[in-house]
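S.K.: Protein chains in written order, with this note's numbering: chain W, 1 to 363; chain Y, 1 to 358; chain H, 1 to 256.
Calculated from the structure, these hints are not laboratory results. Mixed in with the good hints, there may be bad ones.
Said to hold, decoys possible - Computed cross-link-like contacts, DSS-like style, restricted to lysine-lysine with a CA-CA straight-line distance of at most 30 Å:
1. H:K107 <-> W:K19
2. W:K205 <-> Y:K213
3. Y:K117 <-> Y:K142
4. Y:K338 <-> Y:K190
5. H:K9 <-> W:K171
6. Y:K142 <-> Y:K262
7. H:K69 <-> H:K14
8. H:K120 <-> W:K171
9. W:K205 <-> Y:K104
10. W:K205 <-> Y:K358
11. Y:K172 <-> Y:K294
12. H:K107 <-> W:K13
13. Y:K358 <-> Y:K294
Said to hold, decoys possible - Covered stretches of chain W (chain Y as the covering partner; in silico rule of three or more C-beta atoms under 8 Å from a C-beta of chain Y):
14. 81-87
15. 197-204
Cβ atoms here follow ideal geometry from the backbone N, Cα and C, with glycine treated the same way.
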Amino acid sequence: MKMTKIEKTTMAKNIEQAKLDYMNKRSRKILFILLLALALVMTAIVSITLGAASVDLKTVIQVIGDLFVHNDAITDIQRDIVFSIRLPRIITAILVGMALSNAGLLMQGIFQNPLVSPYTLGVSNGASFGASLAIVFSSAFAFLNFGEFLLPIFAFAFAVLTMMMVYGIAKVASNSSSTLILAGVAIGYLFSALVSLIKYVSDMKDLPELVFWMMGSLSGVPTVGIVIMTVSITVSIILMMWFAWDLNIMSAGEETAVSLGVNYKKVKMMSFGISTLLTAVAVSFTGVIGFVGLVAPHITKMLIGNDYRYSVPAASLVGALLLLIADTIGRNIISPTILPVGIVTSMIGVPFFLYLIVRKRGK
Amino acid sequence: MEKKGMKLLKRLMCLIVLGAMVLSLAACSSAKSDTGSKDSTGAITVTDTAGREITVDKPLERIVTYNSSVCDVLKSFGSEATVIGRGDSVPNPTPNVDVPTVGKWNEPNIEAIMALKPDAVFTYAANMTADNEKLLEAAGIKCIYLELVDVSKATDEVTALGKLFGKEDKAKAFVDFHDKYAAIIEKKLKNIKTEDKATVYYEGYTDYKSVNKTAGGQALIDAAGGINIAADETAQYPEISDEWVLGKNPDAIIKLVSSTKKILGTGITDDTAVKDSYTQLTGRPSWANLQAVKDGKVIILSSEISTTALGSIIGELYIAKTLYPDQFKDINVGDVQKELQKTLYGTDLVGIFAYPAK
Amino acid sequence: MELHVNDLKFGYTKKALVVKGISFSARSGQLISLIGPNGSGKTTIVKCINKILTPQSGSVMLNGKNVQKMPPIEMAKSIAYVPQFTNSYISGSVMDVVMMGRRPYIKWRVTNEDVEIVLKVLQELDLEPLVHEQFEELSGGQKQKILIARALVQNPDLYLFDEPISFLDIKNQMDIMELARNMVVKQNKAVIMVVHDLNMAMRYSDQVILLSSGAVEAAGLPKTVLNHEHIRTVYGVDIRILEESFIAPIYASAVV
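Working from the sequences, and respecting the hints, build out all of it.
M.R.: Right, here's the structure in full:
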């Protein structure tokens, strides 16, 4: 088959065009991520000026200015509201959003299942069990001398324990994704039954605290918690970006991944570890905040596609943005009462998510 | 748009609160008008918390209780032997004598109750269905809802219990004691001008969970002459924004701890744990700047003296003294509690119930 | 390129072997068809060559090196694999899916060269118009060709195709077989292919390996392997050879 000269030039032109398209798409993705980052910064700025106390934009600017040039008009309380109350809370919202969103992104990828969330494998139930032990039997565990960290430590330990149980069971049975999910759901039910049992035998005085914890709250995360979350998330994001290509290919299944030179078992183990860490850290400090981990990855993929090199930063930003917006609304809508963040997240996240689904189908 | 929504919400709240007030007023007045009487035949009639009239032929001798406060009151009457069945959260009224449990505190087991054939069963009204009530009443078992939850009704309810168990004298001893100190508080509070009344941030067992005016804590604050800064919130137990507390800068802070935490309460003699809680509380971001913390008007109370019918007068005293230390200089609340213990049970008080002690 | 499969044994459980000691060789410029009834172990053999499965015993030597001990990336540069068509969930655009084939060569950044290679292959397969489409939204035949394109951009010495034409129409079947033939003849690659279509195997293969319950029944030139007796033994059906390379089943009525 011989090509005419004209055919050859159009072919070359087509390739050039397609290449250009590809490059454009790449720049668009990067631009989009930058825009998301900008949106997050803007939201954070708006968020820091809103709150139950009358510390508005002007005051915030003065407080920040006061760091450099002392300003007598600024009271200690105003300073603390900005730096010790609002800022840590905003940072917490961003971190937890990032953690849950990335955990979900990773799990949906390695399990090739869009319904999986960080909580599917029973982590939240395990953590809730740990938390309920810490709340209801606090006096029995007083000898451990964990103080205020008793609850997060217990929640974290049981989250990790749950994952280990799930993984162990799946390994003994057969290491397929569906076994893993089944084992996770089953273990999740077990722990949720244990939580119910503790609720059932608990004193009515302890019950509200437990129920409240299980709704999730961004209040009162200690500085240590913020540091731990920051470190875990940074390490996780670096690893995910480093293994981005492997993760991309793993979403096409084990056989394809192996044949394309991915060390499937190693990367899967690692992903499993990262998502456990991210979920456990977030849950142990803020309780069970649902929905973000399921929906933020989907929103990200609809907006920017599946390439982990772009979806990891994008999902981090989408998760952070979602949670920060939700918490800012939750803090201010019936101020000074704070609406639990989980409720607001679902109320604003679900309509947006449904809109994206409908729009995608329409296209 | 948002403003409009807020307005609507506030209006709705006002309506709800108004409704609640009317209802509670009605309940109060009915309770006041007829807390009990004995007619010529010896039958006893009292009104319970649910506003129902209860008539029994003779003092109760065998009862089942799902309400630990009722059990406490019976102990103070010396009537603990009447308890023949208990809910799981009610401790054995007499140490070393095991009384059978008949279900969870909020789920009365009707069969188990019937098997014990008591004269009456004491539960929270919310946990008894109409059908079960009918069943029990048909079996000749009275359902009595003397809940002892609202501390402002404590004396009425204890009086009613006194009648039901034929221990009017014991009940009267408590009521007298209670009223004596309630009168002292009231008298001292008269010296406080309305504009000088202290604002109070009241926190329940969970951090930043406060109470609005429909919750139990309000009665305690009212009795001690304080103004609850969260009284107008929508939720009964709202989670409060920490910065709002800073903005409101209350004159006093009251924190409750549950007796289950073993930080405060009967039998606790080591104050290290409660000291830690206190440091943590006052060490919250910027709390050092709060007037309450500066003035040392912060107190941690055990649930035993803040949520129980018999103990809440002590809690009221602690709060009042925290709010107005000058007025209550002459009152040692610890001693008053010892006196109460003696009056009620004839025993010595062991434990730490408030921190710092006053 | 030389591939030696030596006495390969594999079973999912210790007792029941699916592949019961199979040996054969392949070298550059050969198209080898693995044929045999369902469950005869064809796919398992291919997966053992590709390290997806670890054989219980026996070895797969690629250019004198044991595949099991090869670093994954090195193996991926030498062997490409197109799995049996399944409706598995791969999301992403056609470009993304085909670009996966460049994985053994990509460190992290996709270079201009990678993009060019992908686009060229897509063009050769007439898939270029689909480049921005979502993979999931394509037809079965298009998906199959895209997965083949992914193997092509991998640029290996040996291709493993597991039933590459089973879901394709006659035009696409011919296209794929021509393509495989071209790779062998023009680019001196080796292709090992699992096929069910005996006519295609007959027409395009250099060698045919006929399998029956995990063992080799016959191997060699298509004409010698695909004869009446062998097929009757293995499949239990009668066929007759119509022309030099056309096989037709004999229906029951025709035999009588």
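S.K.: Take the hints in turn and mark each one as holding or not.
M.R.: How the hints compare with the structure:
Taking the CA atoms of H:K107 and W:K19, the gap is about 19 Å. The hint holds against a cut of 30 Å. Distance check on the hinted pair: W:K205 and Y:K213 sit about 20 Å apart at the alpha-carbon level, within 30 Å; holds. Of the supplied pair hints, the one linking Y:K117 and Y:K142 holds, its CA atoms being roughly 11 Å apart against a limit of 30 Å. Simply put, Y:K338 and Y:K190 have alpha-carbon atoms about 26 Å apart, close enough for the 30 Å limit, and the pair holds.
Distance hint between H:K9 and W:K171 is fulfilled; the C-alpha atoms sit about 24 Å from each other, no more than 30 Å. Of the supplied pair hints, the one linking Y:K142 and Y:K262 is violated, its CA atoms being roughly 36 Å apart against a limit of 30 Å. Restraint check for H:K69 and H:K14: the C-alpha separation of about 22 Å stays at or below 30 Å, so the hint holds. Under the criterion of a C-alpha separation no larger than 30 Å, the hint pairing H:K120 with W:K171 is inconsistent with the structure, at around 43 Å.
Taken as a hint, the W:K205 and Y:K104 pair is honoured in the structure, with Cα atoms around 14 Å apart against an allowance of 30 Å. The straight-line distance between the Cα atoms of W:K205 and Y:K358 is roughly 25 Å, inside the 30 Å bound, and the hint therefore holds. At roughly 41 Å between alpha-carbon atoms, Y:K172 and Y:K294 are farther apart than 30 Å, so this suggested pair is violated. Between the alpha carbons of H:K107 and W:K13 the distance comes to roughly 28 Å, so the proposed pair stays at or under 30 Å and holds.
Note on Y:K358 and Y:K294: the hinted pairing holds, with a Cα-Cα distance of about 17 Å set against a maximum of 30 Å. Look at the stretch 81-87 of chain W against chain Y: 4 of its residues bring a Cβ nearer than 8 Å to a Cβ of that chain, three or more, so the hint holds. Against chain Y, the stretch 197-204 of chain W contributes 4 residues with a C-beta closer than 8 Å to a partner C-beta. That satisfies the three-residue criterion, and the hint holds.
Checked against the numbered hints above, the structure breaks hints 6, 8, 11 and satisfies the rest.
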